[in-house]
Amino acid sequence: MTATPTDFLVLALDTPGEPPLRPLPAAVAELLRSLDAPPRLAAHLRAVHDVAVELTDWARDRYPELGVDRDSVLFGSAIHDVGKVLHPEELTGAGSAHEDAGRELLLSRGFPPSLARFAATHASWDDPLVTIEDLLVSTADKVWKDKRVTSLEDRLVKALAAATQREPWEEFLALDDVLARLGAGAGPRLAFQSAFPVYT
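Here the sequence shown stands for residues 16 to 215, numbered as in the working numbering.
These aren't lab readings, by the way, just hints derived from the structure by calculation.
Glycine included, every Cβ here is placed at the ideal spot set by N, Cα and C.
A couple of the hints might just be wrong.
What the hints assert, rightly or not - In silico DSBU-like links for lysine-lysine, alpha-carbon gap of 35 angstroms or less:
id, residue 1, residue 2
1, LYS173, LYS160
2, LYS162, LYS173
3, LYS157, LYS173
To be verified - Quick list of the computed label-pair ranges, beta carbon to beta carbon:
id, residue 1, residue 2, range
4, PRO35, ALA112, 28 to 34 angstroms
5, ASP51, THR107, 14 to 20 angstroms
6, GLU104, ARG196, 29 to 35 angstroms
7, PRO35, ARG85, 16 to 22 angstroms
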């Protein structure tokens, strides 16, 4: 029996992975099912979301004064690329059309602007209006595959140092340590994502 795109989507959403990846928030998984999302997209969102859980919990523990909205970060990481349902060519190639398309898609499905924004802000960390939550989603979207982006990390370090009144170099060292640890697990996450096909 040949697996269908729907079978692969179910597997991408429900297979534990090795090491196990956390499931997506129920509302996100249901949305992806209703959109018949590409299985590779679902696998990617799970990998980024899994990293975001670790990164956000680290930030909340180390920086309680920041008041990080954990639920928003986890939703944002789980949904940031949803616009690729409408622009599947961006699953295998460069492009940013999915960003605004994703925000509009989420708004049309009744998600509030405060959550829908993550589909558009995950690649806009230079915008002066981004929040700590936006920066955490953007960082998770890079470090899941062990990619380090200096301008993004500098922006996050600046926000962390401002919140703590500690020296930026202290916050850089702390962030570098957690990102190196998270990046070290990139191999299995990349393998998990690659195991699922892209369907257009």
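Checked hints:
no., hint, result
1, LYS173 - LYS160, "23 angstroms, holds"
2, LYS162 - LYS173, "19 angstroms, holds"
3, LYS157 - LYS173, "18 angstroms, holds"
4, PRO35 - ALA112: 28 to 34 angstroms, "33 angstroms, holds"
5, ASP51 - THR107: 14 to 20 angstroms, "18 angstroms, holds"
6, GLU104 - ARG196: 29 to 35 angstroms, "34 angstroms, holds"
7, PRO35 - ARG85: 16 to 22 angstroms, "20 angstroms, holds"
This entry satisfies every hint, going by the numbered hints stated previously.
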